[in-house]
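Starting from the given sequences, assemble the full structure and let the hints guide the process.
Protein chains in written order, with numbering that gives the first Met the number 0: chain A, 0 to 657; chain B, 0 to 102; chain C, 0 to 551.
Calculated directly from the structure, the hints in this document are not laboratory data.
All residues carry an ideal CB built from backbone N, CA and C; glycine is no exception.
Honestly, I wouldn't trust all of these hints.
Looking from chain A toward chain C, a few residues come up when the C-beta cut is under 10 Å (computed) [stated by the list, open to error]: (1) F82; (2) V150; (3) F167; (4) R168; (5) A176; (6) L192; (7) F198; (8) I227; (9) Y597; (10) A599; (11) V606; (12) V611; (13) A655; (14) G656.
Straight-line distance between alpha carbons at most 27 Å, and here's what the computed BS3-like set of lysine-lysine pairs gives [to be verified]: (15) A:K381 <-> A:K554; (16) A:K459 <-> A:K381; (17) A:K374 <-> A:K454; (18) C:K377 <-> A:K29; (19) C:K450 <-> A:K169; (20) A:K554 <-> A:K374; (21) A:K380 <-> A:K454; (22) C:K103 <-> C:K370; (23) A:K554 <-> A:K417; (24) C:K377 <-> A:K169; (25) A:K554 <-> A:K169; (26) A:K169 <-> C:K370.
Now the stretches of chain C that chain A is said to cover, found in silico as 3 or more residues with beta-carbon under 8 Å [unchecked claim]: (27) 119-125; (28) 157-169; (29) 341-350; (30) 390-401.
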Amino acid sequence: MNLESLIPVLLLLPMGGFLITAAIGRRLHKQAHWIPVLAILAVWVLAMLLVINVLTGTAPLLAGSETHGYAFAWFTWIPAGDFVVNVGFVVDPLTACLLIVVTTIGLLVHVYSIGYMSHDASYWRFFAYLNLFMFSMLLLVLADSWLVVFVAWELVGLSSYLLIGFWFRKRSAALAAKKAFIVNRVGDLGFILGIMAIFVNTGTLDIRDSIHILTSPTLAAFPIPLWITALLIFTGAMGKSAQFPLHVWLPDAMEGPTPVSALIHAATMVNAGVYLVARANPLFAAVPSTMVVVAAIGIFTAILAASIAMTQTDIKRVLAYSTLSQLGYMFAALGVGAWTAAIFHLMTHGFFKGLLFLGSGSVIHSVHEEQDMRKMGGLAKKIPITYATMLIGSLAIAGIPPLAGFFSKDEILGESFKLGFLWVWAIGFVVAGLTAFYMFRLMGLTFWGEFRGPKAIWDKIHESPWVMTVPLILLAIPSIGLGMALGLPFGSSTLSGWLEPIFRQADTLMGRAAEPFALFGIDGALIILSVAVAAAGIAVAWRLFGTNLLGLRIKGRPETVTAMSARAPFLYRASLNKWWFDDLNHLLFMVIGGRIAYAAWWFDREVVDGTVNAIGRGTVSSGRGLRRIQTGRVQNYALGIAIGLIVMAGSYLVLAGR
Amino acid sequence: MSDSLDAYLVLAGILFAIGSFGFLARRNAISMLMSVELMLNATNLAIIAFGAFIPSLGAQGSVIALMVMAVAAGEVTVGLAIVIAIYRNKRTPLVDEYDEMRR
Amino acid sequence: MDLGTFPILSTITFLPLAGAVAVAVLPSRWARPVALGFALAAWVVSLLLLVSYLPNNPGFQYTVALDWITVFGIQYKLGADGLSVALVVLTTTVSWISILASFKPIQTRIKEYMVSFLILEVGLIGVFLALDLFLFYIFWEIVLVPMYLIIGIWGGANRIYATIKFVLYTLVGSLLMLVAILATAFAYQATTHTWVGAFDFVTLRDFASNGGFSSALEIGAFLAFFLAFAIKVPMFPFHTWLPDAHTEAPTAGSVMLAAIMLKLGAYGFIRFAVPLFPDAARTFAPAIIVLSLIAIIYGAIVALVQPDLKRLVAYSSVSHMGFVTLGVFVFTQQGVQGAILQMINHGLITGALFLLVGVVYERTHDRTIAKMGGLAAKMPVYVAIFGFFIFASGGLPGLSGFVGEFLTLLGTFEFNPVTAAVASFVTILSAGYLLYMFGRVAFGEVSDFLKALGDHLEDITPIEILTLAPLGALVVVFGIQPGLLLDLFHGTVADTLTAANAGAAIDIAPQIVIGGLGLLTVGVVARVMYVLMAPRRVASQLPVPADSGAAQ
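Put into C-alpha cells, the structure is as follows:
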C-alpha cells in the first residue's frame, strides 16, 4: 500500500470523530470519549509511521526537490478560470516535526481530558470540538496550498473559539472566545492579502511552486513587492502565534478548559505562525529586512510577556504569558535565520509547556477550580506526581541542562550571537533569567511553603486520577530527553540533519555557511552564561518565594516582595496591568470604535434615511399646501378663469402688438 | 356708427363685463344665473354681429346664436334645478355656503 | 437530458401562478398544502432544468419567443443561461422553504398570503428568465405588488411606513428604467428603421456592442438602469429602505427579500446594465467601486451597533451585497465569478439567518438583542444551527460564503491591491458584529426575559429544521465544491467580461482618494453633528454595548 494514501486518512479520522460525536455524542453520556480518543490514537499511529519514514529518509524524494517526503493530491477545490486551488498534502521533514508534536500532545490531551472533564455535563461536546481542532491542525501542517493552509488557519480559529467559549455560561469565557477570534481575524486579514499577493505575483498557490518562482533570481519585478508579501504573511503568523501587538487574545483564552490551553494555546495552534514563517523561509530570506522585523517583534514580545508573567497571580495566566514569551523566542530565532533552532524550540516547548499546562490543570482540579496562586501553597506533599512532573517542566523551560529547554533555548541565543544579532541575544539573555524567575515563583507559590487557602479544601486535596497523571508522566519524558535526542551532537544535531534540506535554500539566499561549533570557545562561554542567568533567576525566586527541594528549605519572604514592588511602583503596576494593552484596546476599539459606529448609525438614520424621508415629507406637505387653492367655491374658480382669460388675452395683445 | 361692427362688439363687451362682474360679485345663486345669462347673450350679440357684418359667414352666425340660446335654456333649467335643490337642503341662496365639493 | 420542445421555462414561470389561482378558488383550509405543493412542483421542474441545462453550450437555452405587441416588436421571450438557471433554482428553493416556514407564523388571511407569495414567485422567476426588456420590466414590477401586500398586511407594528417606503423607493428607480428601456428601443428604431427586435435583449446587446447607441444615450440609460438596480441591491446610499422593510416584514417575507429580491439588482447589472451599455459601465465603474467599498465597510460598521436582530442582519446584507457590485465592476474574471457566487451564497446564508431570527421571534415575540442571552442552554440544537450559519456568513473557509468573498477580493486585488485591502477589512468587522450577535443570543446566563417565557421556549422543531436543512446542505456543498456553481457561470462571466472589454486598465487611484476623502468628510460631519445632538441622546444610547472583556 502506498503510504501517501494514508495522508487523507489522517484528516478523515478526526473529522469523522467530530461528526459522529456531534451527532450522537449526547446519547453516549460518559462513554462519549471513546470514538474521539480512538480516532486520535489511530491518527498518532499512522502519523508516526509517516514521520519515521520521512525522517529516516526511506520516503521517496519529493518531485523537483532534494527533500524526502510524501505528497498526495486530493481534489480540485476552486476551479475559477485561471485561478485553480487544489487540495493536496505533503509530509516533508518540517511537517513531520510538527506532526510529532501535534499528534503526540493531541493524543495525551485527549486522554487527560477523560479525567479532567469527567464532571462536565457537556462531556461529549468537548471531545467533538477537540477532534474538530485536531482535524484543522493536521490540515494546517499537511496542506501544500496557501489557500488550504488559510482554510485550516481559520478552522483552528473556529475550534479555538468554540473551546475557549466552552463554558459559555460564563460571560467572560464567551467574550474571551470572541476576542480571540476577532484578534486572529486581524492577522488573517494580512495573511489573506499575502496569499492574493502571492497569486498575483506567481499565478499559483502551491506553496513550493510559488516560493520557487518568488525567489528565483531571474524574475526580478513583481507587481507586488516581495517585502510586502513577506510582511503580509508574517501578519498572519503574528495573529495566530499571538505576537505583539496581536498578543492580547492569548491570556484571555485561558478562560477555556485547561486541556484546551495545553493543546491549543501552548503546544500546537499558537505554533502555527512559527510553522508558517519557517515554511515560507526562502521568501523571508530573500528580503533580509523583513527578517529583522520578525526578529524585532519576536524578541520584543518575549521580554514584554516575560515582564508581565512575573507578577500575575493566576497560575494559567503566568503560563500563558510564558507561552507568549517563548513564542517570541521562536520568532526571534526565525528572524535571525536560526531556522532549525526555532523549530527545535517549537518542539521542546510544545512538550514542556503542554506538560506545565496539564500540570496546572491537575493543580486547579485538586484545589477545586481555584486558579489564584495566592490561595495555594505547599501542594507538593498532597499531589506528588503533579509536583514532580511540573518541576521537570519548570526546569526544562528555565533552561537547566540537560533538560529539553536548555538545548533549544541555548541554540537560539547562541545562533543570534554568532549571526551578529547582538541585541537579540542580549534581550533574549535577560528573558532567560526572567523565565527562570517567574517559573520558580510559580513553583514556590504553588507547591512550596504553607497552604494559604481554606482548611476545608486542604483536607480534601488529592492526587488526580491516572488518566490525568499518566499523560503528565509521558510528557515529562520528552521534556527531559527530547533536547538530548534532537540537539546532540552540538553543531550538527539530529534535528538540523532532518531539516537541512528545508532551509538550505534560505541559507544559500542569505549567503551563510555552517560555522564549526566551539564547545571550548565562544559557544561554551555562551552556554555557561545562559545557564548562569537561569540559575540566578531561580535563586532569586527561591529567595523571595521559597523552596523545598532536595532538602533545601527556604521560606518565602512576602514582605520583601511587597517592599520591592513598592520601590518600583511604575514597573510593578505596568507588569500587573499587562502594560495596559487591554485598556488601550478597549479604549481604541470599544469606546472610540463604538462611538464611530454609533455616529455612522446616526448618519444613516438622520442623513441618508433622513434625506429619503425628507423627500417624502416634502411631497406630502407640498400637496397639503396646494390643497388650499381648492376652496370649493364656484366664484373663486370663476375668478381664476376670469383672471386667466384676462392674462391670456392681455398677453396676446401685448405680444401681437409688438 | 350704427353700421359699424365695433359698436356691437363694444356693447357685447360691456354686457359681458357686467355679466362676469355679476357672476363674481353676487352671492345669490339666482343672481349668478342671471349674470350667466347676460354673458351668454353678450356672446350671442357678438356672434350675430359677426354674422351680419361678415358676408362669407352667411347664415352660420345666426345658427350658432340659436344653438347657444338652446343650450342656455337647458343650462338655466338644470342650473335652477340644482340651486333649488341645494336651497331646499341648506335653506340659503348664498353660494358662500355651498362648499360641499371641497370635502 | 434532452427535454425536446417542452416549454420548461414557461412551465417554471407560470406553475406558481396556477398555484395562486388554485389557492384562490379552493377553501382556505387547503391554502397551505396547495401552495406548498405548487411551490414544490415548480422546484422540481427547476431542478429538471438544472440537470438538463448544458453549461458548455454558449448563449441562451430553452428559448421561447412569441409575438406579443407586434407593432413595437415586443415579444414574450424567455431564455436561460447559467446565471438564470442558478438564480431560478435558488428562487424556487427559497420559495417553498419560505412557504413552509410561514405555516405557523401566519394565521390570518392565509389564503391571500399564499396567493401573494406564489405571485411573488412568478415575478421573481420571470425577471430571471425574461429576455425581452418590456417583459422584464413587467415581471420586475409584478414583484413589487405581492411584496407590498406581504409587508403591509402581515408585517410588524410599523409596517405601513416600511412598505410604502419600499414600494415608492423601488418605483422611483424602475420608472426611470422604463424610460431608459423606451429610449433604447426608440434609438434602435431610429437607426435600423424597424421595430423588430427593439426590445429584444440579444438584438440590443449585439447592437450595443457594435457601438449602436450614442454615448449620451448610453450614459443616460445606464444611469437610469443603475438607479433601478442600485436601489434594489441596495447600494449605498440607496439602502435605507432595506432595514425598515426587513424589520417589518414577516419572517418569510424577509427571507424572500434577502435571498432573492436583492439579487434582482445584481442580476440586472450583470445581465442588462453592463452588456447593453458597456462604455458607460466602464466610465462609471470607478464610482460604483467606491460606492461598493463604502457599502461594504459602512454597512458592517452600522451593523455593529444594531439593537435588533433583523436590523443587524439587514445591514450585514448591505455589506455583503457590496461585494457583489464590487466584483462585477472590477471587470476581472475572478471578480465577476466571485460576485455571482456571492449572490447565491448570500441568498442561502442570509435567508437562513432570517429564518433563524424568525425561530426566536416566534417564541419570544421580540428581536431585541439585549434581551437575549444563554439560549445555548435552552435551545442547544437551535444554537448549533445558528452558529453554523453565523460562521458561514462570516466567511469561514469550507463553507460557501468564503469562496465568493475570496474570489471577489482576489479579482479586486488583481484590479487594485489597495481597494482589495480596504474591502477585506470587512472580515474583521463582520466577525465583530456576527459574534457579538451570536455571543449575546447564545452565550452567558439565560436572561430574565427568556426565563420568564419558561417552557414556551422550546428547541427548534423538525419543521423548522426542515426549512433550514437544504440551505445548510448547500452551504456545505458549495463550500467544498464551488466548482458545481462556477461551471454553470463561465459563459455568463465571459459574456460580461467581453462586453466590458476586460483587460483594459481603469485608473482608479483618483477615485479612491476622492472616495476616501469623501468618507472622511462625511465621517467628520457626522461626528460633529453627533456631538451637537449628543446631550439628548446620552441617556438612550450611550454607553456603547460594552461587550468587551473589561466591562463585564
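Structure-based check of all given hints:
1. F82: holds (5 Å)
2. V150: At about 4 Å, which falls below the 10 Å cut-off, the nearest Cβ of chain C leaves the hint on V150 (chain A) intact, so it holds.
3. F167: This interface hint holds because 4 Å falls under the 10 Å limit.
4. R168: Because about 6 Å separates R168 (chain A) from the closest Cβ in chain C, which is inside the 10 Å limit, the hint holds.
5. A176: Holds, because the Cβ-Cβ distance from A176 (chain A) to chain C comes to roughly 8 Å (cut-off 10 Å).
6. L192: At about 6 Å, which falls below the 10 Å cut-off, the nearest Cβ of chain C leaves the hint on L192 (chain A) intact, so it holds.
7. F198: holds (7 Å)
8. I227: holds (9 Å)
9. Y597: For Y597 (chain A), the interface hint holds, since the closest Cβ of chain C sits about 5 Å away, which is under 10 Å.
10. A599: Result: holds, 5 Å to nearest chain C Cβ.
11. V606: Holds, about 7 Å.
12. V611: Hint on V611 (chain A): holds, closest Cβ of chain C at ~6 Å, below 10 Å.
13. A655: violated (37 Å)
14. G656: violated (41 Å)
15. A:K381 <-> A:K554: holds (19 Å)
16. A:K459 <-> A:K381: This hinted pair holds, its Cα atoms lying about 10 Å apart.
17. A:K374 <-> A:K454: holds (11 Å)
18. C:K377 <-> A:K29: holds (21 Å)
19. C:K450 <-> A:K169: It holds: about 17 Å lies between the C-alpha atoms, which stays within 27 Å.
20. A:K554 <-> A:K374: holds (17 Å)
21. A:K380 <-> A:K454: OK: K380 (chain A) and K454 (chain A) at ~15 Å, within 27 Å.
22. C:K103 <-> C:K370: holds (24 Å)
23. A:K554 <-> A:K417: Not OK: K554 (chain A) and K417 (chain A) at ~41 Å, beyond 27 Å, violated.
24. C:K377 <-> A:K169: holds (15 Å)
25. A:K554 <-> A:K169: violated (37 Å)
26. A:K169 <-> C:K370: holds (17 Å)
27. 119-125: violated (count 0)
28. 157-169: holds (count 3)
29. 341-350: violated (count 0)
30. 390-401: Holds: 5 residues of the segment 390-401 of chain C have a Cβ under 8 Å from chain A.
Of the numbered hints given earlier, the model fails hints 13, 14, 23, 25, 27 and 29; all others are met.
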